[in-house]
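Enquirer: Chain by chain, the residues:
Number of protein chains: 2
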Amino acid sequence: MLSSNKDLKIYNSLTSTKDIFSPINENLVGMYVCGPTVYNTVHLGNIRTFISFDLIFRYLKHLGYNVRYVRNITDVGHLEDDSDEDKISKRAKTEKIEPMEVVQKYTNEFHSILDLFNVLKPSIEPTASGHIIEQIEMIQEIIDKGYAYESNGSVYFDTNTFSKDFKYSKLSNRDLDNVINESRDLAGSNEKRNLQDFALWKKAEHKHIMKWKSPWSLGFPGWHLECSAMSRKYLGNKFDIHGGGLDLKFPHHDCEIAQNECLSNEVSANFWLHTNMLTLNGKKMSKSTGNSVLASEIFDGNNNIFSKSFSPMTLKFFMYQAHYRNTIDLSNEALLASEKTFEKIVQLKKDLDNLETSDTSNISSQDWVDNCYKSINDDFNSPKLIANFFDLIKIINEIKSGKKKIDKENKDLLINYFSVFSTDILGLSFESEKNDNQNQILDILIELRDKERENKNYIISDFIRDKLNSLGINIEDNK
Amino acid sequence: MLSSNKDLKIYNSLTSTKDIFSPINENLVGMYVCGPTVYNTVHLGNIRTFISFDLIFRYLKHLGYNVRYVRNITDVGHLEDDSDEDKISKRAKTEKIEPMEVVQKYTNEFHSILDLFNVLKPSIEPTASGHIIEQIEMIQEIIDKGYAYESNGSVYFDTNTFSKDFKYSKLSNRDLDNVINESRDLAGSNEKRNLQDFALWKKAEHKHIMKWKSPWSLGFPGWHLECSAMSRKYLGNKFDIHGGGLDLKFPHHDCEIAQNECLSNEVSANFWLHTNMLTLNGKKMSKSTGNSVLASEIFDGNNNIFSKSFSPMTLKFFMYQAHYRNTIDLSNEALLASEKTFEKIVQLKKDLDNLETSDTSNISSQDWVDNCYKSINDDFNSPKLIANFFDLIKIINEIKSGKKKIDKENKDLLINYFSVFSTDILGLSFESEKNDNQNQILDILIELRDKERENKNYIISDFIRDKLNSLGINIEDNK
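Going down the list, the sequences are from chains A and B. Residues in the first sequence are numbered from 1 upward in steps of one, following the numbering used here. Residues in the second sequence are numbered from 1001 upward in steps of one, following the numbering used here.
These are calculated hints, taken from the structure and not from any lab test. Backbone N, C-alpha and C define an ideal beta-carbon position, used for all residues, glycine too. Some hints here could point you the wrong way.
[What the hints assert, rightly or not] Below, in silico cross-link-like pairs of lysine-lysine (DSSO-like), each with a Cα-Cα straight-line distance of 30 Å or less:
#  : chain 1 : residue 1 : chain 2 : residue 2
1  : B       : Lys1093   : A       : Lys61
2  : B       : Lys1211   : B       : Lys1009
3  : A       : Lys238    : B       : Lys1211
4  : B       : Lys1411   : A       : Lys121
5  : B       : Lys1384   : A       : Lys61
6  : B       : Lys1105   : A       : Lys233
7  : A       : Lys145    : B       : Lys1207
8  : B       : Lys1405   : A       : Lys233
9  : B       : Lys1164   : A       : Lys467
10 : A       : Lys411    : B       : Lys1287
11 : A       : Lys207    : B       : Lys1238
12 : A       : Lys384    : A       : Lys408
13 : A       : Lys467    : B       : Lys1403
14 : A       : Lys211    : B       : Lys1233
15 : B       : Lys1394   : A       : Lys467
16 : B       : Lys1394   : A       : Lys90
17 : A       : Lys93     : B       : Lys1121
18 : A       : Lys105    : B       : Lys1405
19 : A       : Lys405    : B       : Lys1405
20 : A       : Lys238    : A       : Lys164
21 : A       : Lys287    : B       : Lys1121
22 : A       : Lys145    : B       : Lys1340
23 : B       : Lys1238   : A       : Lys467
24 : B       : Lys1009   : B       : Lys1394
25 : B       : Lys1405   : A       : Lys467
26 : B       : Lys1238   : A       : Lys105
[Said to hold, decoys possible] Take a look, some chain A residues computed to stay more than 12 Å from chain B by CB distance:
#  : residue
27 : Arg58
28 : Glu125
29 : Arg174
30 : Asn291
31 : Asn457
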């Protein structure tokens, strides 16, 4: 366990303050993050959330904690507003396939995209449909305690009764009257005791494909319930960190807290973390207005938003240039700038490796390392951490210009910790440069060949052409 | 739909004959393959099975069928012989992690390995733990029909009663007395009416972590049941193809058939396909005797069996050099030979692309294409298909030597169908050569530079060195 773990402060949405992080069980951290609803291609804003929690997962592991990171897959029960039909069933009809084929298709796609961003896989990735029994059991417990009621085959959480014994909406601090006005869950409103009550179990319409037997009806669980049931199953009644996008704070996370608290008499997680929004050209991303782009469209350049294609690492680096609690605006200018900046980091890595050492040093690498820890310990502040990389570029330039000297010990420390912070913790990959090299090396050969042909040195130019041909690379002579 | 789909014959373990394949629903094919038990790194023999069914999946899709390919993940209920503890729980204790972390770890690993072999993902990949309700419901139906009984909180399939109404062991044609002698499921034998009865539900010991509520006990489903329940859910009572390794024929598939047949009065799948064993140096692979190697150990060369490392494509090509119903023996000699042969196929692809055309042709490419279809239509005979590739090498050599001529139309047909059979159907990837190219291009540059230095043409040699340096590639001058 690194000593710096005592200095980690995390902004807690529950207390609205930055609190020193201390896990419930020494050395063990339990973390739950709300995963995607796999009914379409994952949204860039969601990707930002998972990239942010990847940094958190990686840093906690770096600190020496044994982290059980649970990130669910919502494959059932996520209702469209004002509808009795869930998002996946709806998509299955559109694509004319079985709902579970929709689930499989978009789960595979989700995994592939996160792989491109070098995001680590969670310890457990449970699915909602895989935990129907656990959800039915939890609903029964909530009914038995008097905080939920059956109505026409569906079961609703009784927010009024809950509010008499506990504070409802601890994260968003809404009072119940506000909740009524904000509630768009009009479906089943005539079945509810109070408008702000939310569904724990929904009776399925006859046409609904994804449904299971329960004591109340053939139906399916409400969306808020799955995270309560699965976090309880895999992390217990009380765990360390619960995270998700800011849009989940209310109602999802507030409902989750209520569901768990009415059974265990405590808020399930100590720390609640929320990642902020990603906008596109200053506006909310939205398919209907056309202000929208997918990660894959950024990588292959097949979009109307950007002047060129950008790599996953550029996009990831761009995201890390803002703190996860701040909004970030995606634009052509911003990505072009991030690409240039990331190239400087790639160059930094090379320069660092090639740095000449002296017998003496007037540089303290430990100070630089300490500053990096200070940045990341400040609520996982990635832009601050990246600023330290630019300090390092300055240091290297001073050494290269002879203004400063570094000995081997200090150089090795820099190399080691630059790798720790850039590769292990930020999860940046410098591998893509390798693949790019092939074309650049080829360019050198072609440039050489053109030179030789200009000088009528055809033996060499033909040698190059024939050698490349034998590799299956055909170059045409433009006469 | 291609016309050649009428010519596909498949060996059916149920009839012990090669039968013409005709799907139940025109254009649609339902296929179920028993997936891995994710309690350790997937065995090479299992990989062979999944690679074999990948060929089948790819060919059926090529024929124009809309294939729903279901391959399950066994993440609960696979009991060790003579033990009340399932394989995953046991592993979780060994690794000191939660069973679902074991499941996640080895599921991720399984996916990564199959990706390396360029195996397509199935349409649906359901987990046993995600279908407990469906299994409980199916057990209840079997009890209600009189073919299963509860005993001490567990439920057993009543093979005796079943045998009065149906033929038991349709695939392996064992009679019940033989089954008794072969049965190693001694656990719970005092609870069973007949020794050959098998568990549909097992009451869990107190220490058992993976358990669910049921009408009979807090317990978990028997291993044979999950495939019956999940194939029924996603493919219906009757579907086209059921596959798996030969070792699953009995008891797993025979028990599966019994479970479904007693409810629907018919055998669930029309075609039952079984892939044969993969041995290592003539003997069964076994960890305890040391006669064992993992796919990853073959790729990184970190093993005591082989003289060098081999690529996933070499290993896959090796497997396809035998028909899936034959045993295949892995050895150093065999892999060296397959590597050379695969290189010839890679070269074939290049030669085909570069083939010079004439105005006339005395080659009928269509004959070659027809032969390829004939091979693959013969029970997916991959070695026969590969033999056609060697016929193609002969044809190309005859054209190169001037003995034969080919026109553009015939050349295009060959290029198109070589790609169909090698890339689309066998799923061979020629991409690895691309990455190798970087080093080969670099070698050309270095060879050139050495030449220029010999000729004291230092302007060019320094140009090459500086250009490479700027890419971070440092070349030393050996004086």
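Enquirer: Of the hints stated earlier, which fail here?
Expert: Hints 2, 4, 5, 8, 9, 10, 16, 18, 19, 22, 23, 28, 31 are the ones this structure does not satisfy, whereas the remaining hints hold.
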